[in-house]
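Chain order of the listed sequences is F, A, D and R.
Using the numbering used here, the first residue of the first sequence is number 1, and each one after it goes up by one.
Using the numbering used here, the first residue of the second sequence is number 1, and each one after it goes up by one.
Using the numbering used here, the first residue of the third sequence is number 1, and each one after it goes up by one.
Using the numbering used here, the first residue of the fourth sequence is number 1, and each one after it goes up by one.
The hints are simulated quantities; they were obtained by calculation from the structure and are not laboratory data.
Where is the CB? At the ideal position from N, CA and C, for every residue including glycine.
Errors might be hidden in some of the hints.
To be verified - Derived DSS-like pairs (lysine-lysine); straight-line CA-CA distance at most 30 Å:
(1) Lys77(A) to Lys109(A)
(2) Lys73(F) to Lys61(F)
(3) Lys706(F) to Lys2(A)
(4) Lys109(A) to Lys159(F)
(5) Lys109(A) to Lys2(A)
(6) Lys516(F) to Lys35(A)
(7) Lys330(F) to Lys40(A)
(8) Lys2(A) to Lys343(F)
(9) Lys2(A) to Lys35(A)
(10) Lys109(A) to Lys430(F)
(11) Lys343(F) to Lys330(F)
(12) Lys35(A) to Lys77(A)
Said to hold, decoys possible - Just a sample of chain D residues kept apart from chain R, beta carbon distances all over 10 Å, derived:
(13) Arg13
(14) Arg43
(15) Pro72
Claimed, not checked - A few chain D positions that, by computed beta-carbon distances, are all more than 12 Å from chain F:
(16) Pro12
(17) Ile16
(18) Ala51
(19) Ser85
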Amino acid sequence: MPTHTTVEPRPGDPAITPALIAEHGLTAEEHDRLVAMLCREPTFTELGIVSALWSEHCSYKHSRPLLRNLPTKAPYVLQGPGENAGVISIGDGLAVAFKIESHNHPSAVEPYQGAATGVGGILRDVFTMGARPIAMLNSLRFGSLESPRVRYLFGGVVKGIGDYGNCVGIPTVAGEVAFDPSYEGNPLVNAMCVGLMHENELIRAVAQGVGNPIIAVGARTGRDGIHGASFASEDLSAQSEAKRPRVQVGDPFTEKLLLEASLELIRSGAIVAIQDMGAAGLTSSSAEMAARGDVGIRIDTTLVPTRESGMTPYEILLSESQERMLVVAKRGREAEVERILSKWDLTTAVIGEVIAEPVYRVTEGERVVAEFPGTRLVTDCPTYTPDAVESAAVAGLRLRDVSRIAERPEERDPAWTLEQLLSSPTIASKTWVYRQYDTTVRTNTVIGPGGDAAVVRVRGTDRALALKTDCNGRYVYLDPRLGAQIAVCEAARNVACAGGRPMAITNNLNFGNPRKPDVYYQLREAVLGMGEACTALGTPVTGGNVSLYNENPGGAVYPTPVIGMVGVIDSLVHITASAFQQERDAIVLLGEPTAELGASEYLARIHDVVAGAPPACPLDRERALIDALLEAITSGVVRSAHDCSDGGLAVALAECCIMDRGAPHGAHVDLSAWRTLPQRAVLFGEAQGRVVVTSDSPDTVITIAKGHGIPARVVGHVRGAGSPLHITTGGAPLEISLARLDDAYHEAIPRAMSRAVASQ
Amino acid sequence: MKFGIVTFPASNCDYDAYQAVVEGLGEDAVFLWHKEHDLKQSDVIILPGGFSYGDYLRAGAIARFSPVMQDVIAFAKRGGPVLGICNGFQIACEAGLLPGALLRNASLKFVCETVQLRVENSDTLFTNRYERGAIIRVPIAHGDGRYTASDETLDRLEQEGRVAFRYVGGPADADEWWSPNGSMRAIGGVVNEAGNVLGLMPHPERAVDPLLGSADGLGVFESMLARVAA
Amino acid sequence: MNRYRVAVHITPRRGILDPQGRTVADALHTLGFAAVRDVHVGRHIIVDVDAADRGAAERSTREMCERLLANPVTEDFEIASVEAS
Amino acid sequence: MNRYRVAVHITPRRGILDPQGRTVADALHTLGFAAVRDVHVGRHIIVDVDAADRGAAERSTREMCERLLANPVTEDFEIASVEAS
Ligand SMILES: Nc1ncnc2c1ncn2[C@@H]1O[C@H](COP(=O)(O)OP(=O)(O)O)[C@@H](O)[C@H]1O
Ligand SMILES: [Mg+2]
Numbered sequence: 001m002p003t004h005t006t007v008e009p010r011p012g013d014p015a016i017t018p019a020l021i022a023e024h025g026l027t028a029e030e031h032d033r034l035v036a037m038l039c040r041e042p043t044f045t046e047l048g049i050v051s052a053l054w055s056e057h058c059s060y061k062h063s064r065p066l067l068r069n070l071p072t073k074a075p076y077v078l079q080g081p082g083e084n085a086g087v088i089s090i091g092d093g094l095a096v097a098f099k100i101e102s103h104n105h106p107s108a109v110e111p112y113q114g115a116a117t118g119v120g121g122i123l124r125d126v127f128t129m130g131a132r133p134i135a136m137l138n139s140l141r142f143g144s145l146e147s148p149r150v151r152y153l154f155g156g157v158v159k160g161i162g163d164y165g166n167c168v169g170i171p172t173v174a175g176e177v178a179f180d181p182s183y184e185g186n187p188l189v190n191a192m193c194v195g196l197m198h199e200n201e202l203i204r205a206v207a208q209g210v211g212n213p214i215i216a217v218g219a220r221t222g223r224d225g226i227h228g229a230s231f232a233s234e235d236l237s238a239q240s241e242a243k244r245p246r247v248q249v250g251d252p253f254t255e256k257l258l259l260e261a262s263l264e265l266i267r268s269g270a271i272v273a274i275q276d277m278g279a280a281g282l283t284s285s286s287a288e289m290a291a292r293g294d295v296g297i298r299i300d301t302t303l304v305p306t307r308e309s310g311m312t313p314y315e316i317l318l319s320e321s322q323e324r325m326l327v328v329a330k331r332g333r334e335a336e337v338e339r340i341l342s343k344w345d346l347t348t349a350v351i352g353e354v355i356a357e358p359v360y361r362v363t364e365g366e367r368v369v370a371e372f373p374g375t376r377l378v379t380d381c382p383t384y385t386p387d388a389v390e391s392a393a394v395a396g397l398r399l400r401d402v403s404r405i406a407e408r409p410e411e412r413d414p415a416w417t418l419e420q421l422l423s424s425p426t427i428a429s430k431t432w433v434y435r436q437y438d439t440t441v442r443t444n445t446v447i448g449p450g451g452d453a454a455v456v457r458v459r460g461t462d463r464a465l466a467l468k469t470d471c472n473g474r475y476v477y478l479d480p481r482l483g484a485q486i487a488v489c490e491a492a493r494n495v496a497c498a499g500g501r502p503m504a505i506t507n508n509l510n511f512g513n514p515r516k517p518d519v520y521y522q523l524r525e526a527v528l529g530m531g532e533a534c535t536a537l538g539t540p541v542t543g544g545n546v547s548l549y550n551e552n553p554g555g556a557v558y559p560t561p562v563i564g565m566v567g568v569i570d571s572l573v574h575i576t577a578s579a580f581q582q583e584r585d586a587i588v589l590l591g592e593p594t595a596e597l598g599a600s601e602y603l604a605r606i607h608d609v610v611a612g613a614p615p616a617c618p619l620d621r622e623r624a625l626i627d628a629l630l631e632a633i634t635s636g637v638v639r640s641a642h643d644c645s646d647g648g649l650a651v652a653l654a655e656c657c658i659m660d661r662g663a664p665h666g667a668h669v670d671l672s673a674w675r676t677l678p679q680r681a682v683l684f685g686e687a688q689g690r691v692v693v694t695s696d697s698p699d700t701v702i703t704i705a706k707g708h709g710i711p712a713r714v715v716g717h718v719r720g721a722g723s724p725l726h727i728t729t730g731g732a733p734l735e736i737s738l739a740r741l742d743d744a745y746h747e748a749i750p751r752a753m754s755r756a757v758a759s760q
Numbered sequence: 001m002k003f004g005i006v007t008f009p010a011s012n013c014d015y016d017a018y019q020a021v022v023e024g025l026g027e028d029a030v031f032l033w034h035k036e037h038d039l040k041q042s043d044v045i046i047l048p049g050g051f052s053y054g055d056y057l058r059a060g061a062i063a064r065f066s067p068v069m070q071d072v073i074a075f076a077k078r079g080g081p082v083l084g085i086c087n088g089f090q091i092a093c094e095a096g097l098l099p100g101a102l103l104r105n106a107s108l109k110f111v112c113e114t115v116q117l118r119v120e121n122s123d124t125l126f127t128n129r130y131e132r133g134a135i136i137r138v139p140i141a142h143g144d145g146r147y148t149a150s151d152e153t154l155d156r157l158e159q160e161g162r163v164a165f166r167y168v169g170g171p172a173d174a175d176e177w178w179s180p181n182g183s184m185r186a187i188g189g190v191v192n193e194a195g196n197v198l199g200l201m202p203h204p205e206r207a208v209d210p211l212l213g214s215a216d217g218l219g220v221f222e223s224m225l226a227r228v229a230a
Numbered sequence: 001m002n003r004y005r006v007a008v009h010i011t012p013r014r015g016i017l018d019p020q021g022r023t024v025a026d027a028l029h030t031l032g033f034a035a036v037r038d039v040h041v042g043r044h045i046i047v048d049v050d051a052a053d054r055g056a057a058e059r060s061t062r063e064m065c066e067r068l069l070a071n072p073v074t075e076d077f078e079i080a081s082v083e084a085s
Numbered sequence: 001m002n003r004y005r006v007a008v009h010i011t012p013r014r015g016i017l018d019p020q021g022r023t024v025a026d027a028l029h030t031l032g033f034a035a036v037r038d039v040h041v042g043r044h045i046i047v048d049v050d051a052a053d054r055g056a057a058e059r060s061t062r063e064m065c066e067r068l069l070a071n072p073v074t075e076d077f078e079i080a081s082v083e084a085s
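Make the full structure from the sequences, and use the hints.
What follows is the structure in structure tokens.
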């Protein structure tokens, strides 16, 4: 048994008082737990370490018990949750590493740097697994574009994502953006990275081998992002307080060098493990690597290269300076490591080693400033299962009968309604966004942003990856369990529309304060719903991220469990576009309209109503739909496929007409088969499980669909660019020129963004 | 024929150029490291796209002082063919291999899309496999692509047939000048006086495979092959 | 109303990483300027503005800096000069 | 050797389109600063350099501008100040 060492307080550090403990976010019970672990009071440095590692961000203390419910296994899953990124095998000895990460709070303060550093962090999570990043995605939520501050945040976030990814040279190929007042003041910025590697290059961040040196690599450590509180002490004077910047600045140039150097290091075989110094910096990276390897380590903070003089161990351990990595090298091969890093002009320093003694020990020169027994620092952190109670107000909203909401007079012309929906910023084209992203670098992007999923080919094979992020926060708000199921199904449907077999997901749980029972209820139900959908679709969860406390003065944001889906397209010939391709092709609808209107964009945009139950989403039917669609695609009878989501069937059809601005098509559609349903539900209801397919062999498509028990019927034909979109239903026909559709869909966001921004 | 592709710190289209040469064209390519004075007997040098030195200060400003650039400049002065793509164009301008400068896009935004280019001169080392006036589709992806030079310089470039490519495809007319970045006279690519250095903002190396939407960029590489190998 | 030319300096806030400054300093060293200790790259903005007097010109430019010209989180600004023009 | 802080202004050459200046001016108008007539955006570079005296600090910074900091094709530079630090 390890003996419990005494660690003398470091001269100049503040005394441990209840106030200081509280400022570090530790509850009284957590403090007792810490004292029990140490068999003494912690030092100031130890308190800092624990406050970081037991923070929600690092410890998942409110979500870990829930996450155990998620399906994580499949024969092709090489690495599930727990590592820097999940990894799946895609055959031919190749594997894909992928992970999503949030940077919501930093982006609320400084949108450009907050988003940029989010991209930087997720890139590092992927390349430290040994994978070369090949694609980036994102998922963004903002308040209303009517607000100049929101325009400032939106513009800054998009530029931050673009500038960072573009510089590193990774194409940003897909994503989603939605706008809703619930995100006012607390935008969501989630970034996902996908990397490719040979299976045998997979490296895990597990420290091993007594005597192996621990090396800090990359940017010098500054005082950025040290959370702690505003305590007075000699070292942490008001002056150093002022020097402590509130935001971290990203340096994509250094990141690119780190990327190349890390991959070269991993391939050299000279290292045992490598990990990003992300949240809680050196502390969490070193403690986590030690815990995974069940080894002891020793770190001397005086050996860490710093940007400023006079940094204390506390500051060095907790700094969140960007573009830094921690490497465990093989003893005796330090020179090789050093040579590779200096080739890429990166700073390196040996700052410690793996030790036989089972302790986590930090010294400042000779003086021990922190010491924890074994790996208990990581393994002993508390978990909580708070009360969960659904908000009565939300339950009431869900039960509201929205079919009784009277139509507005303008709706007598359904073209007006369609135009309103297409120009809703949540639905409108996001070209304004992704035109700022390099989508074609690395020359593998077969389908970039603009359709359903993005498609990135895998060089040297006949395969490609289909990728998409998705979540409708309004659905999750009104029914967390169902909403999360729909998020998974929508992502899978998007992937399948491109021709991809959905394989696995990563996810980002963006929720409010979990100590509020209604928020914890949302979290619990959403995790359960996500797990159920993943089980039904056979897409295990290989990792993810939890971002809680997303609140603004008006309450929590919509619960937003963003799904990042990876699918595999087995042959390049099966890559399928979303837009209409060819005049005279038959338009086939897989699945059927229903009378459902609840939780729709239609109600929100046209009636300013957020209520009703989200559309039903039977999981077996979703699975059958995907199977049917993929069978049709692999049979070679599908020319285009686009799923119905926000705005319903009319919006999906309109998008098929005009999403490809260079090659628009008209269409003639007859939906009178469903004339018994309310017309607005047929056109704008968001019934799940539907895909608009075009084909020159509609009979084959229909036969395949029926074979899977999926209703299918020919609803119209594709016309030329001179024809309008014409839809007959039971009621007033909808006819609208392509020019009007184009203007509504493509100009809405540029128009909104041409108005002034304000940073205050 | 051997293409030497320079890797500067934070070049990121070096690999794409390599693939275009090796897979698209079927020729040899080697990477040249920015710290070394070694062109490895390359017949042609490519300065690829990317963000050398983070594009800090000005795109291409720092890269031009890389050790390898001294050799590239000497190679160009001896008449060796040099192709500068995107960041490579910026570096070539900063190094004085080409006239003018590439400033921040007029929109102040990075712009990524596929544009149409008109081949303005099909007699150059880099364009001889195109028809004069041909319109090709090639991706762009840059934040600093606004070609700028004095009026005298621009007049001279036009008189000497040194404008290799122009952006066209205005909303009304496919043949109309239309610059996505605010370039003066919609210039997308220029050659030097001796005709052996081409700089262009669009990425021909990203347009060598119909699967990705266009193979129109291959002509640039084929043109070089036709002249240099001959 | 008179016309004034106000010059503003906007600089990265101290303590915040300035990768651009560092990279330029490194480049200057490589070029042989060994005596360079540090470099910071900021913006120099010239605003031509009509105002009743110098003081008003300065006050209004200061407000422009606070609301738009400078990033309040990462940058500091300073009114470098106000000249009648 | 003494330490000097040299400030350099780098401005777009007159006659060259300055979209950044124009965009900033437009944005200021939209924010209600109607009295703004014109805006120009350049770079403000601070170089901390060791030199024997002010003159030497200035000369060496001038050389840095000529070789790296300013683009001779499109930009003008000016040494704005040299201060002992
Ligand atoms: N932030 C973004 N970054 C990149 N691409 C985006 C972004 N937002 C939307 N897109 C792209 O725009 C298209 C439409 O997105 P979305 O409306 O989310 O599609 P869907 O309804 O099929 O989920 C997709 O191709 C998507 O990848
Ligand atoms: Mg879709």
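**Asked** Is the straight-line distance between the alpha-carbon of Lys109(A) and that of Lys159(F) 30 Å or less?
**Response** holds (8 Å)
**Prompt:** Just checking, Pro12(D) versus chain F, shortest CB gap more than 12 Å?
**Reply:** Nearest chain F Cβ is 8 Å from Pro12(D), so the label is violated.
**Request:** Decide if the proposed pair is consistent with the structure: Lys2(A) and Lys35(A), CA atoms, cutoff 30 Å inclusive.
**Result:** holds (20 Å)
**Prompt:** Does the structure keep Lys343(F) and Lys330(F) at a Cα separation of 30 Å or less?
**Reply:** Roughly 19 Å between the alpha carbons, so the hint for Lys343(F) and Lys330(F) holds.
**Request:** Given the hint that Lys109(A) pairs with Lys2(A), test it: the Cα-Cα distance must not exceed 30 Å.
**Result:** violated (36 Å)
**Request:** Verify the proposed pairing of Lys330(F) with Lys40(A), using a straight-line Cα cut of 30 Å.
**Result:** violated (34 Å)
**Message:** Between the alpha carbons of Lys516(F) and Lys35(A), is the straight-line distance 30 Å or under?
**Reply:** Given pair Lys516(F), Lys35(A) is violated - Cα atoms ~58 Å apart, limit 30 Å.
**Request:** Take the C-alpha atoms of Lys109(A) and Lys430(F), compute the straight-line distance between them, and say whether it is at most 30 Å.
**Result:** holds (15 Å)
**Request:** With a cut-off of 30 Å on the C-alpha distance, tell me whether Lys2(A) and Lys343(F) pass.
**Result:** Roughly 25 Å between the alpha carbons, so the hint for Lys2(A) and Lys343(F) holds.
**Message:** Beyond 10 Å on every Cβ pair: is that true for Pro72(D) relative to chain R?
**Reply:** Holds, since 15 Å exceeds 10 Å.
**Message:** For Lys35(A) and Lys77(A), compute the direct alpha-carbon distance and say whether it is at most 30 Å.
**Reply:** Satisfied, since the Cα-Cα distance of roughly 20 Å is no more than 30 Å.
**Request:** Decide if the proposed pair is consistent with the structure: Lys77(A) and Lys109(A), CA atoms, cutoff 30 Å inclusive.
**Result:** violated (35 Å)
Hints 1, 3, 5, 6, 7, 14, 16, 17 from the list above are not met by this structure, while the remaining hints are.
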